[in-house]
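Colleague: Sequence:
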Amino acid sequence: MHVLGMGIVGIRLYARILTSDAAKPDELADNLVDEINCYMPRATPSEQQLLFQLACEIHEAFGDAFERVDDLSYRFQALDLVNGLLSKARELRQLGL
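Sequential numbering from 1 applies to the sequence shown in full-length UniProt numbering.
If you're looking for bench data, these hints aren't it; they were derived computationally from the structure.
Heads up, a few of these hints could be off.
Cross-link-like lysine to aspartate or glutamate pairs, in silico, EDC-like; alpha carbons within 20 Å at most [to be verified]:
no., residue 1, residue 2
1, 24, 71
2, 24, 67
3, 24, 60
4, 88, 60
5, 88, 21
6, 24, 91
7, 24, 35
8, 24, 57
9, 24, 34
10, 24, 80
11, 24, 64
12, 88, 57
13, 88, 64
Label pairs and their computed distance ranges (CB to CB) [unchecked claim]:
no., residue 1, residue 2, range
14, 67, 93, 29 to 35 Å
15, 41, 70, 30 to 36 Å
16, 94, 4, 18 to 24 Å
Here a beta-carbon is modelled for each residue, glycine too, at the ideal position from N, C-alpha and C.
Using the sequences and the hints, build the whole thing.
Modeller: Shown next as structure tokens:
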């Protein structure tokens, strides 16, 4: 699943990844979790499940993958990582886990 395929929340996450002033991976993850939390009350139940899974995994994933995220090349890698996490969450949901 691609982050932009998630509609409004996906666009907001995409924009936040590319434009955040975060320099460290945990700061960028915090920004994304904040964005998820703002959208959660309007999300459908299936979106809530995906977003919750993403919010649970993003800090660890970014911490393992990056030392810094203050370069645009790291931001594009972060997008790829988020896309992978969303795909994984979607697969788990389809399996009923």
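Colleague: Hints first: check each against the structure and report whether it holds.
Modeller: Taking the hints in turn, this is what the structure says about them:
| no. | hint | verdict |
| --- | --- | --- |
| 1 | 24 x 71 | 10 Å, holds |
| 2 | 24 x 67 | 7 Å, holds |
| 3 | 24 x 60 | 13 Å, holds |
| 4 | 88 x 60 | 15 Å, holds |
| 5 | 88 x 21 | 27 Å, violated |
| 6 | 24 x 91 | 29 Å, violated |
| 7 | 24 x 35 | 17 Å, holds |
| 8 | 24 x 57 | 16 Å, holds |
| 9 | 24 x 34 | 16 Å, holds |
| 10 | 24 x 80 | 17 Å, holds |
| 11 | 24 x 64 | 12 Å, holds |
| 12 | 88 x 57 | 11 Å, holds |
| 13 | 88 x 64 | 17 Å, holds |
| 14 | 67 x 93: 29 to 35 Å | 31 Å, holds |
| 15 | 41 x 70: 30 to 36 Å | 31 Å, holds |
| 16 | 94 x 4: 18 to 24 Å | 20 Å, holds |
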